[in-house]
Amino acid sequence: MIGVGYIRVSDKKQVDGFSLDEQRHQIRNYADRKGITIIEWFSDEGESAYHDSMARPELVRMLDRCRREKIDAVVVVYRDRLARDVTAMTVIRKKLKDAGTALHLTDTGEVGNTATDDLLSTIITGFAEFDSAAKGERVRASRSEAARQGKWAGGLVAYGYERGQSGFLEVVEDQAEVVRRIFRDVVHKGTRTIAHELNAAKIPSPRGKKWSSTTLRATIHRDVYIGTLRAKNRDGEEALVLNAHEAIVTQEEWDAAHAAFARRPFAAGRNDARPKWWLSQVVRCKACGR
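First residue of the sequence shown? That's 0 in numbering that gives the first Met the number 0, and the numbers climb one at a time after it.
Hint data in this document are derived by calculation from the structure and do not stem from the laboratory. A couple of the hints might just be wrong.
What the hints assert, rightly or not - Heads up, simulated DSBU-like pairs for lysine-lysine below, C-alpha to C-alpha not over 30 Å straight-line:
no.: 1; residue 1: LYS69; residue 2: LYS94
no.: 2; residue 1: LYS94; residue 2: LYS33
no.: 3; residue 1: LYS188; residue 2: LYS201
no.: 4; residue 1: LYS209; residue 2: LYS188
no.: 5; residue 1: LYS33; residue 2: LYS96
no.: 6; residue 1: LYS69; residue 2: LYS33
no.: 7; residue 1: LYS96; residue 2: LYS69
no.: 8; residue 1: LYS69; residue 2: LYS93
no.: 9; residue 1: LYS188; residue 2: LYS208
no.: 10; residue 1: LYS134; residue 2: LYS93
no.: 11; residue 1: LYS209; residue 2: LYS134
As the list claims (entries may be wrong) - Computed beta-carbon distance windows for the label pairs:
no.: 12; residue 1: LYS209; residue 2: ASP97; range: 27 to 35 Å
no.: 13; residue 1: PHE129; residue 2: ARG229; range: 49 to 57 Å
no.: 14; residue 1: SER131; residue 2: VAL59; range: 19 to 27 Å
no.: 15; residue 1: LYS208; residue 2: LEU119; range: 36 to 44 Å
no.: 16; residue 1: LYS134; residue 2: THR227; range: 27 to 35 Å
no.: 17; residue 1: LYS69; residue 2: THR107; range: 23 to 31 Å
no.: 18; residue 1: LEU119; residue 2: ASN198; range: 55 to 63 Å
no.: 19; residue 1: GLY108; residue 2: LYS209; range: 25 to 33 Å
no.: 20; residue 1: ASP106; residue 2: GLU196; range: 23 to 31 Å
no.: 21; residue 1: HIS257; residue 2: ALA200; range: 22 to 30 Å
Beta carbons are placed, not taken as given, at the ideal position from N, Cα and C, and that holds for glycine.
Please take these sequences and the hints and turn them into a complete structure.
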């Protein structure tokens, strides 16, 4: 019997871990017991089961091969490696059924194609979908409560801060000084000039790359730097938590930077805005950078 193996991890951090190798190992053992010869592996690395299944390149390629060639079996470790929602699972199973390819799960064996099998698959996948949705609600509620208490609720920590053991943001002084410099400079300099100066000083951006006007605009508009956190409840409504942590810039510095930034014709990103003088944005003063 000819078969293919499908493996998937949703987090790119798992790609170099044991997860993919462990899935291969389990599939090989199952295939040996069932007399299935695995002729090809299809591996979606860092692809979530919640996203559109047909957007997963290796899954699409596997289904296409099953459609074009005689493949007796697709072997997967667990059902959720294929999909975690009923609609996606139904589509995948129909494509395999139309191709005459059997689906095998290493934990439960071959999945049949009777009406009862279809019902059981829908029920099992439905419970998995509900469980995932419920967990997501609990995570969002937990993050909302953490933010309400002034703690960092998850995600990439803002440049200039680090998440302390207690969950509150703590200032990283060398990065914070760069943030203060940006807020001071934007009062009398353009973002291109500031980016050029930071790059010339070999100061890396928040992502370790070169500074750009886009990165600077994003930095200037983050109210985390005046001690504010934004919290969302489970309904997606946003609330501001003031004085949640130590501010890096004062309210006066924040207001001055935003007032100066708003006065500039390019602040809103309008490509059709024209400078007042012909040589604006072309020739700069060596002394002030304007």
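Can you name, in rising order, the numbers of the hints this structure does not satisfy?
-> 11, 12, 13, 15, 19, 20
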